[in-house]
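The listed protein sequences derive, respectively, from chains A and B. Going by UniProt numbering, the first residue of the first sequence is number 1, and it counts up by one from there. Going by UniProt numbering, the first residue of the second sequence is number 1, and it counts up by one from there.
To be clear, the hints were calculated from the coordinates, so they are not data collected in a lab. Among these hints, one or two may not hold up.
Claimed, not checked - Label pairs and their calculated CB-CB ranges: (1) B/N125 <-> A/I200: 27 to 37 Å; (2) B/R179 <-> A/M26: 22 to 32 Å; (3) A/P136 <-> B/T103: 31 to 41 Å; (4) B/L14 <-> A/Q70: 37 to 47 Å; (5) B/P13 <-> A/T103: 47 to 57 Å; (6) B/R179 <-> A/E91: 51 to 61 Å; (7) B/V199 <-> A/P182: 51 to 61 Å; (8) A/S33 <-> B/F126: 25 to 35 Å; (9) B/N176 <-> A/E91: 30 to 40 Å; (10) A/T74 <-> B/Y156: 47 to 57 Å.
As the list claims (entries may be wrong) - Result set (DSS-like, lysine-lysine): computed pairs, CA atoms no more than 30 Å apart in a straight line: (11) B/K45 <-> A/K197; (12) A/K197 <-> B/K94; (13) A/K94 <-> B/K197; (14) B/K22 <-> A/K197; (15) B/K45 <-> A/K45.
Virtual Cβ for every residue (Gly too), placed ideally from N, Cα, C.
2 protein chains.
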Amino acid sequence: MISSTSSVVNIYPLSSYTFGTKDPRMEKDTSVSDRLARMKINYMKEGMRTSVEAILLVQEHNHPHILLLQIGNTFCKLPGGRLKPGENEIEGLKRKLSSKLATNSQGHQPNWQIGECAAVWWRPNFETIMYPIALPISPNQKSARKFSLFTSEREYFAVPKNLKLLAVPLFELYDNIQRYGPVISTIPQQMSRFQFKMVIS
Amino acid sequence: MISSTSSVVNIYPLSSYTFGTKDPRMEKDTSVSDRLARMKINYMKEGMRTSVEAILLVQEHNHPHILLLQIGNTFCKLPGGRLKPGENEIEGLKRKLSSKLATNSQGHQPNWQIGECAAVWWRPNFETIMYPIALPISPNQKSARKFSLFTSEREYFAVPKNLKLLAVPLFELYDNIQRYGPVISTIPQQMSRFQFKMVIS
Numbered sequence: 001m002i003s004s005t006s007s008v009v010n011i012y013p014l015s016s017y018t019f020g021t022k023d024p025r026m027e028k029d030t031s032v033s034d035r036l037a038r039m040k041i042n043y044m045k046e047g048m049r050t051s052v053e054a055i056l057l058v059q060e061h062n063h064p065h066i067l068l069l070q071i072g073n074t075f076c077k078l079p080g081g082r083l084k085p086g087e088n089e090i091e092g093l094k095r096k097l098s099s100k101l102a103t104n105s106q107g108h109q110p111n112w113q114i115g116e117c118a119a120v121w122w123r124p125n126f127e128t129i130m131y132p133i134a135l136p137i138s139p140n141q142k143s144a145r146k147f148s149l150f151t152s153e154r155e156y157f158a159v160p161k162n163l164k165l166l167a168v169p170l171f172e173l174y175d176n177i178q179r180y181g182p183v184i185s186t187i188p189q190q191m192s193r194f195q196f197k198m199v200i201s
Numbered sequence: 001m002i003s004s005t006s007s008v009v010n011i012y013p014l015s016s017y018t019f020g021t022k023d024p025r026m027e028k029d030t031s032v033s034d035r036l037a038r039m040k041i042n043y044m045k046e047g048m049r050t051s052v053e054a055i056l057l058v059q060e061h062n063h064p065h066i067l068l069l070q071i072g073n074t075f076c077k078l079p080g081g082r083l084k085p086g087e088n089e090i091e092g093l094k095r096k097l098s099s100k101l102a103t104n105s106q107g108h109q110p111n112w113q114i115g116e117c118a119a120v121w122w123r124p125n126f127e128t129i130m131y132p133i134a135l136p137i138s139p140n141q142k143s144a145r146k147f148s149l150f151t152s153e154r155e156y157f158a159v160p161k162n163l164k165l166l167a168v169p170l171f172e173l174y175d176n177i178q179r180y181g182p183v184i185s186t187i188p189q190q191m192s193r194f195q196f197k198m199v200i201s
């Protein structure tokens with residue numbers, strides 16, 4: 001009865017994926033103020049830049065989880081990163097996923113499948129606050145974050161040694177602004193339109 | 001650069017639509033506790049029921065607005081209502097939109113166009129709180145609310161005299177739980193994945 005206008009997303013068990021490690025990938029900035037300062041300099045040089053980030057849904061205990069990278073003890077982010085000026089967003093997201101999560105060896109080239117857009121957030125000022133709408137009062141957006149679904153039936157992830165890859169259940173994210181921030185904590189609302197098909201491998 | 005995985009939604013000016021009135025349509029319940037009691041009785045008789053609701057985006061001042069029905073001085077809801085047992089959701093939503101917003105005259109039959117699903121919310125218990133995920137601890141959902149996009153290039157709406165039809169800007173809804181509740185206030189997050197094309201009529 002819920003079916004006729006909903007998209008179906010296949011979700012594979014966490015056990016379909018294997019995990020290893022690779023050399024650390026350090027963050028470019030050591031503080032939020034450093035980050036905003038660098039953003040401002042980059043904006044002056046190159047104009048608005050877009051970050052592309054991937055939501056990979058996996059199942060455990062028959063419930064959908066998403067994969068998040070944890071930096072230090074608290075901060076979590078989706079795998080992804082900034083596009084180069086003019087770069088195609090799908091190619092850019094694949095490049096970023098490889099740099100964050102693929103092994104460095106030549107033998108294994110992952111076949112990342114990028115799916116539907118889930119959300120776009122905008123930053124109207126050089127501040128941390130972002131909005132899910134391009135506010136009419138601020139036509140010159142300073143940056144954007146675009147989340148896309150990422151699907152893969154099975155995959156090997158090589159996780160940089162300074163990061164942890166976590167599978168976080170949607171019910172843990174929901175309304176949990178304190179732990180995950182206002183952007184990642186609303187991923188459950190954006191996922192609610194999908195019909196999840198739990199695939200048994 | 002934002003385009004490749006996003007859906008495009010055409011938005012027409014508020015002035016494309018015309019508005020009139022029709023006889024009042026009273027709410028079935030006069031309080032939240034009446035409503036939950038009736039829900040419980042219906043659940044015992046018919047099992048889980050789904051409400052289907054429509055999000056109609058319109059533009060004003062070059063910003064997307066959604067149409068909400070206001071009851072009394074504060075409570076707002078989307079046009080729509082409960083499906084009959086076994087009813088097709090698209091047909092059911094068209095029936096509900098007609099009963100809420102179409103003129104009663106035979107001459108004018110609106111051609112409602114139902115679009116993509118935007119969100120589904122679930123009620124695990126006979127309580128007001130709903131979740132955008134089917135919680136694993138409560139397999140027997142008591143009811144569901146499904147929001148679908150509704151598009152129309154131009155339309156005549158006959159609004160029941162006891163209700164007001166409001167065009168509310170997305171930036172007014174965003175994060176405004178106090179005024180619009182936790183469900184309607186997250187519509188901007190669900191809309192963020194769309195590329196809005198502002199059509200000039």
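Evaluation of the provided hints:
{"no.": "1", "hint": "B/N125 <-> A/I200: 27 to 37 Å", "verdict": "holds (29 Å)"}
{"no.": "2", "hint": "B/R179 <-> A/M26: 22 to 32 Å", "verdict": "violated (44 Å)"}
{"no.": "3", "hint": "A/P136 <-> B/T103: 31 to 41 Å", "verdict": "holds (33 Å)"}
{"no.": "4", "hint": "B/L14 <-> A/Q70: 37 to 47 Å", "verdict": "holds (45 Å)"}
{"no.": "5", "hint": "B/P13 <-> A/T103: 47 to 57 Å", "verdict": "holds (53 Å)"}
{"no.": "6", "hint": "B/R179 <-> A/E91: 51 to 61 Å", "verdict": "violated (42 Å)"}
{"no.": "7", "hint": "B/V199 <-> A/P182: 51 to 61 Å", "verdict": "violated (31 Å)"}
{"no.": "8", "hint": "A/S33 <-> B/F126: 25 to 35 Å", "verdict": "violated (49 Å)"}
{"no.": "9", "hint": "B/N176 <-> A/E91: 30 to 40 Å", "verdict": "holds (38 Å)"}
{"no.": "10", "hint": "A/T74 <-> B/Y156: 47 to 57 Å", "verdict": "holds (54 Å)"}
{"no.": "11", "hint": "B/K45 <-> A/K197", "verdict": "holds (29 Å)"}
{"no.": "12", "hint": "A/K197 <-> B/K94", "verdict": "holds (28 Å)"}
{"no.": "13", "hint": "A/K94 <-> B/K197", "verdict": "holds (28 Å)"}
{"no.": "14", "hint": "B/K22 <-> A/K197", "verdict": "violated (44 Å)"}
{"no.": "15", "hint": "B/K45 <-> A/K45", "verdict": "violated (65 Å)"}
Of the numbered hints listed earlier, those contradicted by the structure are 2, 6, 7, 8, 14 and 15.
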